[in-house]
Amino acid sequence: MKCDRCNKPAVVHQVIIKGDQHREIHLCALHAKEAGVPNPGNQLGKHSPGHSLTPRSKMPTCPGCGTSFSRIRKDSLFGCPTCYDTFGKGVDIMIERSQGGATHHVGRGPSGSERDVARRFESRRLVEELEQAVRAEQYERAAELKAKLTELADHPHTDGGES
Amino acid sequence: MSEPSTDDLTTSESLDEDVVLSSRARLARNVAKLPFVHRSTTDQRREAMTRVQPALESDAAAEPTSWIDLETATSMQRRLLFEQHLISRQHADAKGPRAVAVSSDQALSVMVNEEDHVRMHAMAPGLQPGLCFERIRTFDAAIEPQVEWAFHERWGYQSACATNTGTGIRFSAMLHLPALRITRELEKVRQAAKDLHLAVRGYYGEGSESSGNFYQVSNQITLGCSEEELLDRFVNTIVPGIIDYERSARQVLLRRNRIAVEDRIDRDLAILSSAKLLKVDEAMRRLSSVRLGRCLDIVKTPSLQVINRLFQEIQAGHLQNAAAKKLSPEESQAARAELVRKHIGHH
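One line per chain: the protein sequences are A and B, in this order.
Each residue of the first sequence is one higher than the one before, counting from 602 in our numbering.
Each residue of the second sequence is one higher than the one before, counting from 5 in our numbering.
These aren't lab readings, by the way, just hints derived from the structure by calculation.
Every residue gets a Cβ at the ideal spot worked out from N, C-alpha and C, and that includes glycine.
Do not take every clue at face value.
To be verified - The calculated lysine to any residue pairs, modelled on SDA-like cross-linking and capped at a C-alpha distance of 25 Å, are: (1) A:Lys690 with A:Glu723; (2) A:Lys675 with B:Leu308; (3) B:Lys37 with A:Gly667.
Claimed, not checked - Okay, the calculated beta carbon distance ranges per label pair: (4) A:Val728 with B:Gln316: 52 to 62 Å; (5) B:Lys346 with A:Asp693: 54 to 64 Å; (6) B:Asp199 with A:Asp693: 38 to 48 Å; (7) B:Glu191 with A:Ala630: 36 to 46 Å; (8) A:Asp676 with B:Arg50: 21 to 31 Å.
Given only the sequences and the hints, what does the whole structure look like? Please build it.
Now the structure itself:
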């Protein structure tokens, strides 16, 4: 693994986790010092709060293929289908940037039915919205969303349960 | 080399062949529960092949294809397939288990273990991406029940690269844009293409340079629109705009200095008619000029189809295949010049 700022080998590897997003930093000794990031090789145990110093071998990797997210970003290639579900927002950002901001598939699926794909996506969207409504204690909205979900499950051939 | 048959000499203005050499539709698919090709072991690549090959060869396949194992194919065979646009350069030069299945008319090919486990292409002359789409869709639909593809509820068909995720479909057209290059308007096309989320590549696709003033234009977005929407946008909005731009540039050239245009084209024709040695770059450049002349009715013969075919047949792999032996660089140049004289000479 090379330093993010030069071609020297990185000796400091950081994973910064904020909410459901994570960011990886790899620096050589010189740039780690410049950035004020402690080098665990000579300052073990002196890291500042908020920085989780993680040994290289413990960086998060995809359970399907063992690929780290930094490798995916570097190669611009996913390792396997499981990578899509492993790296959360990182994957969302990577795909949406590559696809002009598109956020989900529209079109054929393995069943050959475009409606099936659209329905599954709508169902997922409604569930997410329902969870948000419950967290915000918007119970009337939650009831509406629950009714829509029931409608969608009972009448799978109507679009989005809006009929 | 056989004389061109007459059955394919019919021209159709509706196919916009004065500007569009060919069209293609491609689908990217990956086998479920396996790592993508670049993270696969040799055994996993073989596993992908053993899942795909029976589906292609089954009676349920929409049309028969011939399976070519590229690991055991000779470099000359691989080069020929590449020059025919049936496989990519990356697929020709890679190592390890990989294959291509080709239809009898060589207008449909399935690359196995390229960047994705499967990449299916259908090609057609002129502007016919809809025809290509119908063919590849029918082919894909027949395979789908037999192979489980990696599919994500939100992201659609999963690909190794985020740029292919979703429908996995890419439409492309090989455009001949000599007038836009001469009038230095190509940069505007590139910028407009970028704004419209289009990729502009060279004669041999990704990573290749333009040769003979050919540019491959394709959609970059594969997610968030249905296959039909992407096709509609490509056929009815994107490509016609570039075709009209090239045609206008051709008329501008003629209006500005018709005699200079004719002089340039006739000189190129004269050299092609008499040269004894031709390097491929020179042949492509002068053939491009003659093609422009044919479309502007400055050159009367040969037909556009014969000129189009020469762009492919003058490539080193085709020349070696015709000679049935490996040719030295000078032998290649001589064989190329002889082939061109045969079709262009005595005009």
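Starting from the hint list further up, note which numbers the structure goes against and sort them upward.
-> Of the numbered hints, 2, 6 do not hold.
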